[in-house]
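A.B. asks: Start from the sequences and build out the full structure, keeping to the hints where you can.
Number of protein chains: 2
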Amino acid sequence: MLSKNEVIERLRSIVGEENVLVGDDINEEYTRDEALTVKPCLPEVVVKPGSTEEVAKILSLANEKRIPVTPRGGGTGLSGGCVAVSGGILLSLERMNRILEIDEENYVAIVEAGVVLADLYKAVEARGFYYPIYPGEESATIGGNVATNAGGMRAVKYGVTRHYVLGLEAILPTGEIMQTGGKYVKVSTGYDLAQLLVGSEGTLAVVTKVTLKLLRRPKAKTTLFAPFRNLSDGIRAVPAIFKSGVIPVTIEFLEKLGLNAMEDYTGKKVPISERVRDEAEAFLLIVIEGKSSEEAFGDAEFISDICMKHGAIDVFVPPTERAGRELLKLREKAFYAAKDGGATDLVDVVVPRGEIPNFVEQIHKMSAKYATIIAGAGHAGDGNIHLAIFEQDADKLSTILEEIYRVGKNLGGAISAEHGIGSEKRRFLLEMENKAKIELMRRIKKAFDPNNVLNPGKIF
Amino acid sequence: MLSKNEVIERLRSIVGEENVLVGDDINEEYTRDEALTVKPCLPEVVVKPGSTEEVAKILSLANEKRIPVTPRGGGTGLSGGCVAVSGGILLSLERMNRILEIDEENYVAIVEAGVVLADLYKAVEARGFYYPIYPGEESATIGGNVATNAGGMRAVKYGVTRHYVLGLEAILPTGEIMQTGGKYVKVSTGYDLAQLLVGSEGTLAVVTKVTLKLLRRPKAKTTLFAPFRNLSDGIRAVPAIFKSGVIPVTIEFLEKLGLNAMEDYTGKKVPISERVRDEAEAFLLIVIEGKSSEEAFGDAEFISDICMKHGAIDVFVPPTERAGRELLKLREKAFYAAKDGGATDLVDVVVPRGEIPNFVEQIHKMSAKYATIIAGAGHAGDGNIHLAIFEQDADKLSTILEEIYRVGKNLGGAISAEHGIGSEKRRFLLEMENKAKIELMRRIKKAFDPNNVLNPGKIF
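Those sequence lines, one after another, are chains H and U. Its first residue numbered 52, the first sequence is counted upward by one per residue in our numbering. Its first residue numbered 52, the second sequence is counted upward by one per residue in our numbering.
In case anyone wonders, no lab produced these hints; they're calculated from the structure. Don't take every hint at face value.
Where chains are identical, the list cannot tell them apart; a pair therefore holds if satisfied intra-copy or between any two copies.
[As the list claims (entries may be wrong)] Restricting the straight-line Cα-Cα distance to at most 30 Å, the calculated cross-link-like pairs of lysine-lysine (DSS-like) are:
1) 360 - 264
2) 360 - 497
3) 486 - 99
4) 108 - 486
5) 270 - 294
6) 460 - 264
7) 208 - 264
8) 90 - 420
Small disclaimer: the values here were computed from a predicted structure and weren't measured.
C.D. replies: Take a look at the structure:
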């Protein structure tokens with residue numbers, strides 16, 4: 052057996068002294084992520100590898116000595132997935148932040164797992180490309196996005212992270228370096244291990260490199276903002292939009308409560324008159340892309356008509372792309388606005404999109420029943436609803452959460468659309484998920500990680 | 052221990068007498084698929100369940116008695132995946148062919164695994180929807196498509212089967228019924244078992260129901276046929292097309308040899324003049340969809356210009372959609388034309404699409420070196436190349452195949468894009484794939500199927 056000090060010495064010899072932090076050198080940020088409920092946990096050591104080989108050596112050592120390893124990207128997660136709940140090694144991939152290749156012929160980027168989204172967007176856009184997955188928080192890393200199968204506001208048209216992961220380099224908990232996939236979309240050559248790793252929240256392997264599919268950057272974009280007298284009217288416009296054959300990039304819904312909070316938080320106001328503001332209870336925020344500004348504008352007009360036919364009080368089109376971006380930024384601040392306003396938890400349920408009105412109605416009733424504020428906003432195009440819950444009593448909060456998850460599940464939904472299970476939703480998953488499936492997932496975990504060293508205490 | 056007769060009695064009691072075939076009642080078709088190299092194998096018994104529960108009972112029995120079970124859809128596979136190489140039970144899902152639901156609000160179809168593509172297309176198109184995955188052979192089942200992650204000619208724009216599978220009902224080899232996914236695209240709730248099952252060739256579980264994402268049916272379609280003096284010119288036009296921002300549905304390339312074979316087989320001729328025919332060595336077949344015929348026509352004109360700028364001798368636009376379909380049908384018959392012409396094997400390699408000219412050049416050299424005819428056609432938009440090899444000598448064929456796979460792999464590709472590994476490419480996979488990955492796949496297999504009863508002898 053090595054002593055703790057000996058392990059730390061070994062880690063220092065692998066990554067260099069300056070990349071191993073212990074005790075007081077460990078910044079508070081490494082003890083948590085952005086989940087509102089997470090209890091801070093101090094890892095015994097923070098290790099920052101600079102290469103695939105270093106990650107492999109760290110995992111070999113950890114596996115040999117049975118030391119828990121928690122992989123960490125940008126720390127922007129919302130379910131405690133990157134928090135070292137079992138102590139041990141916090142493996143921060145922050146130094147592995149190089150964009151290794153942008154292949155203009157094959158429309159592919161190969162990046163290290165620690166690349167933050169802001170850098171990825173900038174690099175590909177400079178070459179005329181587009182990585183369309185936009186979870187909102189640009190300091191998130193691509194590795195973290197892969198771990199949670201991040202979604203975001205553009206899933207309606209473009210899908211989720213999974214759909215852009217063509218291949219991964221990943222290190223098995225036993226230290227082997229594994230390459231999966233490549234610069235192609237079509238493949239049927241054994242189990243698709245890359246797709247299994249996407250969404251596995253760092254419990255099966257540590258992703259070190261990601262091969263991403265890129266698109267061409269769309270030439271034009273238009274934003275619409277449509278206030279409705281009630282949410283049902285707004286939501287009912289959505290299938291009509293889809294039927295038209297125009298697929299927007301984004302269709303977000305907001306309730307009045309949420310919009311007010313975002314306006315207060317950002318100090319900015321959406322450009323609607325006081326009269327409309329008084330009448331409106333719900334809003335749709337719609338983004339359309341086109342091959343040309345004529346096309347985007349034509350489609351926007353078309354969709355405006357559909358909204359008006361479905362009871363929109365009016366439809367506002369920001370006069371410039373920049374003004375449209377401002378509107379979107381307001382929506383992106385929903386989480387921070389809720390946090391700032393004292394929200395105690397944030398829900399990330401998904402239901403079939405046709406069930407949104409039904410789900411929201413049941414949530415309104417629940418809010419009244421428990422005399423608790425529950426503010427909703429969400430991705431109307433894909434059924435993903437985020438609820439900010441303002442409830443101080445921990446037991447009551449727990450009861451409310453369980454009821455929300457049951458409502459979602461009964462409508463054919465799932466507990467998490469894009470934040471993952473992590474440590475924070477684990478008990479709900481264990482309670483609600485089919486037992487045979489949980490057991491199967493545990494056997495798969497064991498196939499990758501026989502000694503349970505990688506991110507223990509997460510998912511199940 | 053039960054005797055063979057007792058097992059058959061038990062199977063009869065599960066599915067009914069008329070749905071259990073033994074001995075001479077087993078049609079020759081059940082002994083093979085469409086792979087040119089496959090050796091026919093007679094199963095001990097063919098069982099045709101009519102429901103999920105029946106499948107679960109059959110698997111429980113098989114697991115208990117350690118009887119191999121080979122699941123089978125339409126039998127149109129090209130790698131021996133549904134051939135009962137270990138005898139035992141051939142589990143034909145042909146009776147489970149009901150379209151259970153087309154959900155017009157959520158754009159989802161739920162179908163049994165034995166539904167054939169022709170029926171699926173018809174049912175969804177009648178309701179204004181579109182299931183865009185088109186592998187070509189419409190008697191294939193959706194279950195078979197899931198097993199091989201079927202791709203086809205529209206992957207450029209629409210991706211592959213995996214991208215439309217939102218959820219699965221599957222029976223574990225131990226008999227448990229498992230539901231995964233649902234009517235949503237975005238999910239991050241534990242390992243994505245549905246995505247792991249896609250492409251697992253029936254070795255992990257028997258898929259009984261599939262929840263499929265649907266799109267709206269596009270309103271217009273145009274086809275282009277562009278002859279080039281050589282393949283490199285044609286292939287070089289492809290990235291230029293992508294750069295334009297117009298994404299065609301289909302970009303196929305053909306070499307002269309392949310086109311001649313298809314024309315001979317179908318008795319139909321592509322509409323090009325004798326002069327052009329003499330000059331042309333390679334062809335691109337491009338399909339464009341649009342929201343309106345004006346849009347499709349405009350995009351087609353735009354792409355015609357790009358082809359001409361890249362050395363196309365001319366560009367032919369069939370005057371009607373029907374004439375366009377005829378052209379596509381010619382391409383779809385490539386496999387049957389090759390088979391009819393005496394091809395002894397068909398390769399399904401994928402390479403990064405930018406490597407196609409390089410790959411094809413090396414194949415031409417190989418063809419000369421081995422004095423063997425190797426005719427190529429393929430999906431230029433996604434890097435998937437099908438080669439028909441006309442070589443009678445089995446040892447030489449094997450040497451050629453291995454060399455082709457090595458060339459593909461060295462260019463960053465994979466052995467199979469859409470046909471799967473099955474029994475026929477197993478030895479190549481075992482030889483060329485990383486050993487740690489093979490071992491990991493075997494451990495995953497064991498997590499699902501501890502007694503190795505489900506489709507043994509396939510993939511690895």
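A.B. asks: Failing hints, ascending?
C.D. replies: 2
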